[in-house]
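Starting from two chains that each stand alone, build the complex the way the hints lay out.
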Amino acid sequence: QQKVSGKVTDNNGVPIPGVNIIKKKTTQGTVTNIDGQYAIADVKPSDILVFSFLGFETIEKQVGKQSVINVVLESSNLQLNEVVAVGYGTVKRKDLTGAVARVEAADLVKTPTSNFDQALAGRVAGVQVSSADGTPGEGLNIVIRGGNSITGDNSPLYVVDGIPLEDFDPASVSSKDIKSFDVLKDASATAIYGSRGANGVIVITTKGGRTDGKTDIRLSASHGIQFIPNRLEVLSPYEYVKYQQNIAYAKDGYVAGTYTKAFLADWVDPELYKNSKGTSWQDEIFRTSRIQNYNFTLSGGNKTSSIYYSAEYLDQEGTLINTGFKKILNNLKFTHKASPKLDFRGYLQYTYINRKGINISGNNYTSIIRDAIQFRPVEPINNDGAEEGGYDPFDDDYKYLFNPVKNLNNTTRDYRYDVIRGNLTANYKFTKDLTLRLSANYQTDTRKENVFYGADTQQGARGNDHINGTIAQRRYQTLSTSNTLNYKKKFRKTRFEALVGVEAQARLYDFAWLKSSEIPTDAFGINKLDIGTSPAIPKTLKSESTLLSYFGRVNYTYKDKYLFTANFRADGSSKFRKENRWGYFPSVSFAWRAGEEDFIQNLGIFSNLKIRTGWGLTGNNRIGDFDAFNLLGVSTASGYVWGNGENYMPGAYQTNLGVPDLRWETTAQTNLGIDFGFFNQRVNGGIDFYYKRTKDLLLNAEMALSTGFNKVQQNIGEVENRGLEFSINTVNVQTRDFKWKTNINISFNKNKTIKLNDGQDAIYTNPNWNYHYNEYQYITKVGDPVGMIYGLEFDGIYQMEDFNWDNKAQSYLLKEGYADNGALPVAPGSVKFVDQNGDGTINENDRVVIGDPHPDHFGGITNDFSYKNFDLQIFFQWSYGFDILNANKAVFEVPSASPMNGFKALADAWIPQNTDTNVGTIVYNSVYGAPPKGNWIDNRYIEDGSYLKLKTISLGYNLPKTILEKLKLKKCRLSLSAQNLYTWTNYSGYDPDVSVGRYGALTPSLDYSAYPQSVTILGGLEVTF
Amino acid sequence: CDHLDVTPESNWGVDEFYSNETEAEIALSGIYSLLATDNVYGQALSIIMESGTDEGYYNRRYNENWTVGLYRHTAADNYVKNLWTNLYSSINMANMFNEKLKKSAFEEEEYNRLLAEARFLRGLCYFHLVNWYGDVPLRLNFTKDQSDNHLAPSPMKQVYEQVVEDLQFASEHLYHANNPKYESGRANKMAAHGLLARVYLKMSGNPLKEDHYQDVIEECEIIINDGWHGLHQSAGDNLGYRKHFLSYIENNYDLRESLFEISFSYLRELGIMVDGRIGALNGVAFSYGGGQDGYPASYAMFNTTPNHRNAYDENDQRKDWNIANYQYTKKGDIVEVTSAMAPQFCPGKFRRWEPMNWEDLTNTPASGTTEPYMVLEKVSTLSKSFTSINFPVIRYADVLLMYAEAANEINNGPTAKAIEYLNAVRERAGLGAIETEKPGAIANHTNFFNEIVDERLRELCFEGLRKQDLIRWELLGTKLAETNASIKGDPDYISTNESHRAYLRSGNFFDENKHLSLPYPSQEVAINNELNQKAGW
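If you read the protein sequences in the order shown, they are chains A and B.
For the first sequence, this note's numbering begins at 6 and goes up steadily by one.
For the second sequence, this note's numbering begins at 13 and goes up steadily by one.
It should be emphasised that the hints constitute simulated quantities derived from the structure, not laboratory data.
In this text the structure is predicted, and so the values were computed from the model without any measurement.
Treat the hints with care, since some could be wrong.
[Said to hold, decoys possible] Heads up, simulated EDC-like pairs for lysine to aspartate or glutamate below, C-alpha to C-alpha not over 16 Å straight-line:
hint, chain 1, residue 1, chain 2, residue 2
1, A, Lys938, B, Asp89
2, A, Lys256, B, Glu510
3, B, Lys343, A, Asp400
4, A, Lys544, B, Glu281
5, A, Lys786, A, Glu723
6, B, Lys156, A, Asp632
7, A, Lys583, B, Asp14
8, A, Lys547, B, Glu33
9, B, Lys342, A, Asp397
[What the hints assert, rightly or not] Covered stretches of chain A (in silico footprint by chain B; criterion: 3 or more residues with CB under 8 Å from a CB of chain B, positions within the stretch not fixed):
hint, stretch
10, 694 to 702
11, 845 to 851
From the three backbone atoms N, C-alpha and C, an ideal C-beta is built for every residue, glycine too.
Pulled out of the complex, with its shape left as it was, chain B reads as follows (with noise of 0.2 Å):
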């Protein structure tokens, strides 16, 4: 009967849509946006998953809210739970993307490289889920009904697989970083690679163990070879690292070293949320403004640690830019920080602000009055709580530090293309190379190795890729103890303070036999009829 056949208006029937260039573009904004959630890219992946390693801790003592990152989650916990979600409801939607979207729309090169953008997205999504859980349900197909709640999950090195068969269809069909006709921010054709090498690294290390590493060198060679990407340098002086940066805080794309980031913006004046939390949850601390928004704010709540700063050599451009050394009081006093010990001894990659005249520092300022900053964050309404950050997912310096790795596996010792490439990042950062400042570190493999490791902490810390590099290393366990003990031998560190004693908690609640990969969540266990909870939890 007619009468009962209302079709909805507000919205669009999943059969309806996908059938041109527009709905394609909005569908894949949508996958793009998942990623960009509080959840994932937000501030779940990128700082408080994240934190727990060498490079920093939750610092907060009377709350346990980084429950991930202090080893004190349980299957219930919502990180546990909302990554989960966010990674496989993107997949979903490049599932019906693959499904639904109408060949007979579009030319072919155009119709697969919608495709290849949908199935880089999905790509990336198993591959933080099978990192982050281990064997995971494989879903290539949207969902249709109550029935597809059970599915059994596959196990990991099919996982990956399925990883890289995604990354290799879209560095078939990506534009190229260079193409007039590529929208910087999307996924393009070497991030593709860039991403295979990191998979095929992953795989070679724990836990799979497969030796990948000729792959890594191919994948890598590729981007090397093909060379438009590079790293960004700035001639006449060592601020290259800096600028580069600066980009993902401007909001430049710098695509030459940039493979492929999240783009954030803030646009929540219009009720829009296209917001990080990059450089607020894990920026320079700055608690002038009572809350109010206006002010480049930063709680100041993930400190980074003493074994950290003591990885770099003196003249390593990327010491004071990484970790920071100064803050903005409640009072407008710009001061140094300089103990490790301090709440404030925070991150400083994704600065929002700089202090005006670094004098500053040491300087207090006339009774009335406050000191001068620099906003780097390009928005007409500085939000206390979100950023317009951009979040780096592969820059070529990884690429570079991928390759010489790799290498060193191969070779079971550094080969000279591995030294050069990582001269190359060392250099960029105002060091001298390697071979005649360190001629040790290229003595064997293993030194070599540790360098490596060594390195991207230095290169590549709160790019949320640490914990992840630790754990195939099997080193996780380990640094946490070096940390634990570079903060007990902290000449600022108070046994008795009850503050100072809350840095340990990574560390003392870290369990090697349960903490190298995430719980299923408490919901998909009880629903999912085919999956059954890992052991020890």
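Okay, chain A solo, but in the shape it has when bound (with noise of 0.2 Å):
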């Protein structure tokens, strides 16, 4: 037995504290005081004593016979030797020249989601993750640095294990299957790639088996509820019955008279309502509801041959009755070596995925969220004679109201998905420094979507086909083959590296589309379609696109201080012509790692200091398969009947102008980036400048009318984004039990539109969430950003003072120099707006912008704490400076002559004894106070956004190791955790994470009978054989 003592000292000489030493294969050890001096007893000479520290290289040393041990620690760089994925490789993060940026696989699993993409908010500078609503696991809108497009899609390209998918669904891959999760953001980046880089790439590496002979079986299974945490907030029965009392006497012109004895047949006394407790109908068609996700995985395997299988259930009930997501994934990899030269693996996944319910926003005539704010939340004493809810069913304007608690369970929706995924990859040395890798791959996306109405059911009841169902099938198909060589040489001081590839896609698609209608009963739902009794004549479609490739890399690295990279990629797409086929996307990038030069060092500062810079093209050719082609089609709506009994005739209509120079959209992106890292990394982020520019938008561009098209697929057009992104990381504090780490990203990004069709200075765009709305809300206008919010700006309501009294007509008549509101007549009480090119009355001439879409600057914050066997994640996630166009107020803020319930601002309607109020007047000297169709949307229904969300809060606890031991088991660990716990807003909606614009890009921030979005909260239990 002796003693040892040492000091412990990084390799600059400075005494490091807390360094842990303890004997190997013991719990035996001690800790470097404040000096980095420790002093450890009873050790044997066989002892090997470990010194760890995070941040530095883990040390061992055998006592043998000293009796003092210094030990210098290399820094480790953890962080900076981490390997990140580039396209068609790896590289260690120290040699990144481009702007890739990394999600901790272990926050993606931390995170209560459903699906993998619904926990990327936040997580990483530069890419926006937004939702369009709360629909049960449905995908979310990943934007990475600012839209291109304008009309066309801005989802980044998918690549999973080296492979680019396309119809990618985050919701077939595992989040627990990811080992690392890289969102390529630059060019430099993405340009091998090529034409469908320009978007970002976001690369998934799924984890594979062991290779050490031993098996690992793990066990999950977490259970939660699920909550809508907030309402809207609408007239209560008492003040609902007040408001119909003032709508009844506004009617008699207030002087009660006709309607007010009306009201009072019905409704006594609304005195008798105020301690009512009456119906809300929000409760009646939410609920909490369950979710449950069950997990198996299996990873085993030696040297030569692994195996990795892993199995997940999720069912999550929606938080709308009636609604659900449930996905059942399966993923076997396997892994083989057949000799030292030669390897294959391989995977093969099926996931089936179900959404269920009837989609809540996005139908313009029918809507289950406006149902339950309009229906009255009291019936009257005595029946008036109206559907429960307040309504008359056989009065036209309410044809599209139903009773939404029936409209929701006698609709069944099932959207299902089968994925299959196959993957076979062969890795073959030449030597040491040349492989070949050939891979296959396969996959089959069908997706099924059946949707039956019962009799119970606004259609079932009331639409044009009554019971009815409808099967349509989606098939997507992708073959193809990805090939590359790659050398690998380091000389003393240099390494080049060089890859050439070639890459081949066909992409299938077809769909069928069958519906039968006036079924007599609903007892069979969608299992009997044949008893319908109107048929509709099917629909089938068939089309296909394909692509080649040829792609290079070199990598230059001299003195391990100046990174070269350049990429080039030629893609061939069948989806344009033969002249404009090809495309060309070169990259070229630089990085000095001054940190390395000993006058950096010398300053005793950086622990690590980086200057990126690169500049690429990248292209986007997600149009139609053949959209540069001129088609001729038929449509159930282009046939004519003639003859005797008028035969129906099917006509021919040109489906597609396809103009000869149809190309690429280009986006060229350069980017401007320093890694910095300060005390051996515990402080260490990173700063990114980009400027990207597209060209050749391709943009379904509007024509001139007289060529008889509307808008045809061109390329026109540019827009800019510009862009900050700021990262730091920070170990706060780190001793032996307690760590704390943080981690901040925010990024800003400013888009403009530089350039439209030749003369054209504005997109306006109509969103068409509900058909009464037909006019235009956003303005995509050159010199401004994509999607600003355009509407008419609200000026107050008219006063007495603004009118003259015509006697002879009874009517007020506006004094001079007053516009009316398009509406004639306007009388006191009628809603006035700003009539802004002076000409006296209000129409689409006088809309200006009202609102702006994008954040100034959005962001998230990590703490992590571990305690022990404790650890707690917290996470915050903020968009700041936006707006949103509320269109719920829109329509439940206007008070009319009308049953239905709507928003508190009702009650506030404007009468003679209340004149100071933004709310219209019912009607007053029978002038109804609303402003005529076509001006309804005012600048009184945008919102300011802005919100911080405690997004995720996870703790977990890992059993102890002298349990596990008793135990058997590897690992143990318990785990509760929230999503969306708490948001602080201004927003009156919902959420202000919420974009039901069915036209991307040009209708941002739209909120209109959006699925509300659900708190979770999941409880877990993971244990690992």
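Encoded structure:
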């Protein structure tokens, strides 16, 4: 037995306090003091001491006969040596020349979400992740460094285990199978993906089997609840009855008359409803729902063969009744080394996904949420003959209303996906330096959407087709091969790497649709459409596209300080005509690891300092398969009838005008970045500036209508995005038992429309969320960002003093110089707008930009704490300085002579005794206060959407080793986590993370009848044998 | 590389199509179809844009949905845009048909007949375009690429001449309606002549004011002298007018009187959309049924005018047919409509239903029962919004009246033939000869002209002709003023009633300097560098 002491320093001779020193294979040990000194007793010469400290390489020393062991720990720069995915390969982070960000796989698992994309918001700088709404299992909108396209798709390309996947559904990969998740942001990183790289690339690498002869069996289960935390505030029963009394009184001309009498006959006296609880229709359709998730993983293998199998079952009930999300994942991966030179790897995946439930948003006639808001909260004492909820189903204006509970319960919609993926890859090492990789891939994604409207639904009861069912089947099939040859050589001071590759892909799409209506009974649901008495003509469609690509990359590193990368890709696509078929996408980038220079090291400040810059071109080919060709087609609306008996003859029409010069959309991007680290990387981070300019935009551009075409896909216009990204990671506290790490990222992006169609200065868009609101609500104007909110400027309410009384006509006449609101006539209490062009009336020429839906900045803050076996993550996410078009308000805050309920503001409607209000009158002097159709969207419905969300709290406890050993377990973890727990915002809707506009970048941040976001609380248990 | 050559399999390529008879038929059906959409004859040209004359007006006081009929449209208006776009889409398809139809696949006669049908439709489209918009880009080749965006409007004269050329070609090569190979509902020889007469008459009036009255006479004479077409007469009663219109409602082509009509059918239960709105938007009020299908519903949002009613003699059989004096209430009661201020004071010409017993107009059904009605439309399922009722484009009665009008102009007073043809129209309606009943009307040019103006209202109302007639006569403003005066003078008019006041909107908003043609659609102005918006828009 002897005693050993010594001092631990870093390679600059600075003592390191807090270093763990333990005797290997025991729990005995000590820690260095403030001077880096330690002493440890009771050691034998055969003992091995293990010195470890975060951020440094762990060192082992055999005790032998020494009594003093001084140790110099080398900075490990774990984070710098981390391997990061780039296209068709990996590099160490320190060797990166482009902008690549990583989402920690552990964070994805900690977050209680059903699909990994729901865990991404706020995790990475430059990546804006937003929800359309809270529909269970629905994919999110991911936009990397601002949208390039105006009418096209801005979502990134997904590359999973090296394979670029078209039509990728994030639900089809389990968060628990993800090993690494990298986001390639700048052109120098994405140009290797050429024509599909412009929107950024998300590279996912999944876990594989063990290679050490051991086997892990992991079981995990989690259960939880979800609920919608808030309600839109509607009139209470008492307020509602008072409001109805006001309506009657207003209709009577403010002297109690027939309407008031009729009101009293039904309702007797509003005061009787003072304590009435009534019905909250929102409570009727919302529920606290269950979510459960089970996962099984088997991982094993040895040096020659390995296997990984995982299965996942997720069942998430929706927080709206009769909606939900379910998935079953199967994932089998294997590797096999046939010889030292040749190895194989492959996977086979089958995923079943079911998104269940009627579409809550997006129907411009019916809406569950609208019905829940507008149904009256209380029924009158004396039956007034109206349906429950207060509407007259025989009145055409209320045709699209229906009891939302019944509508939800009796509409069956199953959107089922069967995704099958297979891959086989062979790697052959010709020499130590030269490797050939061949791979073949297959993906089939069959999506079957069944919709059935039972008798007790709006369609079933009052629609044109009554009880009816529709089956739509979409099948996407992709065959591809990806082959690369890689050469790597290390010389004394330089490293050289070259890659060449060829890729080919064929993608097939087919579609079939059938429908049967006037079904006498809903007893069989979708399963017996043949009893329908009115079948529709079935529809089918087939489409196909192919891609052929050649690419290459060269990396050159000199002295580990100067790094140079060049990429080149040529893509040929069947989507374009022969002359424009090939696109070429080069990029170059350079990095200087300044931190390795002596003069920087001598400063003793930086543990890492790297400057990166790069430029490149990337493309976008996301257009229809045959958009470049002139096509004729038939549809069920293009035929005519003639002859005795009027026989139907299908008719041809031009489905597409293919402009001959249609070609790639090209984005040029310049990136300038700096990575830095201090205190041995305890503080590290990066700043990136980028400038993107997209030209030859693939724009579904307006045509001169006299060509016979409204819009045609063309390469027109330019868009610019510039931005700044900042991220920083710190290890705030690091002791043996307690650790606290923080990660902050923030992004700024400025988007600008540079050019549109020749001679066109703006694109006006009607988001078409409700067929009544047929007016432009968004504008994309040259010089402004894409998709600004557009409407009239509210100018108060017309008051008595704005009018002269015309005794002869018994009406109010506006005084000279006052503009009307577009309706004739207007009267006191009518809504007034700013007459922008001063022509005395209000129409579409008076619309101006009334809201900016683009955030000034967005980001996230993650704090990770661990104390002994406990770990806690608290994650905040925000988006600041953007506007939302709250279209709910445009419907539910406008008083009218209707029996429908609405928001609280209705109680504040203008009457002669209440003139200081922003809510128009119901009716005054027989003039309704609401503006005329076409003038319904004004800036009263624009709200600041800024929010800070307590997005995730995750608390975990790992059973200590001592107990695990007794239980013969490798790991056992208990966790409790919550998602979307609280949102700080001034926004009055359900949730500011909403964007249900149907035209993508043209109609952002629109809220109407959105599926509300839910809070999730989940408890989990994970056991590894 | 072959890998990159992919052929569409659910569409035809433009170069591969038009190669045989079936494809030619499918192509022609496609052109007709564009004319039968809501944006053209389905509702816009036939009802909505036709409102705002002495025939009728939009009656919903709380909105201005029928912008063009209320003269509240702007250049960004959807009716302005969609009519233009649809007409040009048809023209583009007709141009493509002209250029691409494979000559070698057909006998020459057949080839010309097919071309003639496309040119008939193109001529009709350009006629509407030049009537409604004035100078318009004249496109005679199909659109190839975005450089075709830029084309200056041609002077009206040139457009009318093109219409004449197309219709002349059509009149030479189309089948006569009596040809056994002729399929009812399609363009035919005499329809082309009839439209030619209409074009010449329009060219003779505002705004072109070229004297083509002799051409009108010649075209009309070709039809009249041919002798196959004629008025639908009903022996023994005066129901010829009614029976003729029942043929549009019941989808029986009455080819003798109907030279050309737009065919609609209700096949929506199969998912096929070949229906229109005739009789639903401009039909007899029917409010029963709770918005359900299965009833001959009509929205009653189009009212006819007091001065239209006053234009008829008491025994004119057309009065009660054209102006419905009955309605079906929400409660299932058939009641009489007497007041011209009632929102149910609707056109009856394209009625979907009639009372089973006319006495029910004054009876009230027992509680819980509804009064029986008869559905006239011949469909298996009645839709609330869409109908199968065909819409007349040109009738023999119009040919007679065009002749009479042109002859009066040439002769500076009615000729014997002019009087004879006017009388033919009158007599079918149960009226006596004009020279005995209204001798003053034939006394001079002006009186006879005024009689024609009124007769065309009585005979051809709700057939999508009135506004263009009034424009070519330069009478639109006058007639709107007369209409407003007749509304205000109606015994039931209440000046403080917002709904009644709303009936005055068309007359109030009409501006002679702006509203005799439509503005160019804003999108056209924005994109087409060769075309500038009209002054005042």
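Results of checking the hints against the structure:
1. The suggested pairing of Lys938(A) with Asp89(B) holds, with an alpha-carbon distance near 13 Å, which does not exceed 16 Å.
2. For the hint linking Lys256(A) to Glu510(B), the alpha-carbon distance of about 13 Å falls within 16 Å, and the restraint holds.
3. Proposed proximity of Lys343(B) and Asp400(A) is supported: the alpha carbons are some 12 Å apart, at most 16 Å.
4. The suggested pairing of Lys544(A) with Glu281(B) holds, with an alpha-carbon distance near 14 Å, which does not exceed 16 Å.
5. Distance restraint check for Lys786(A) and Glu723(A): the Cα-Cα separation of roughly 12 Å lies within the 16 Å cut-off, and the hinted pair is therefore satisfied.
6. At roughly 14 Å between alpha-carbon atoms, Lys156(B) and Asp632(A) fall within 16 Å of each other, so this suggested pair holds.
7. Between Lys583(A) and Asp14(B), the direct Cα distance comes to roughly 11 Å. Compliance with the 16 Å bound is thereby established for this hinted pair.
8. Using a Cα cut-off of 16 Å, the hinted pair Lys547(A) and Glu33(B) is violated, with the two alpha carbons roughly 26 Å apart.
9. Of the supplied pair hints, the one linking Lys342(B) and Asp397(A) holds, its CA atoms being roughly 12 Å apart against a limit of 16 Å.
10. Restraint check on the stretch 694 to 702 of chain A versus chain B: 0 residues with Cβ-Cβ distances below 8 Å, three needed, restraint violated.
11. With 3 residues having a Cβ less than 8 Å from any Cβ of chain B, the stretch 845 to 851 of chain A passes the three-residue criterion, so the hint holds.
The earlier numbered hints that this structure contradicts are 8, 10.
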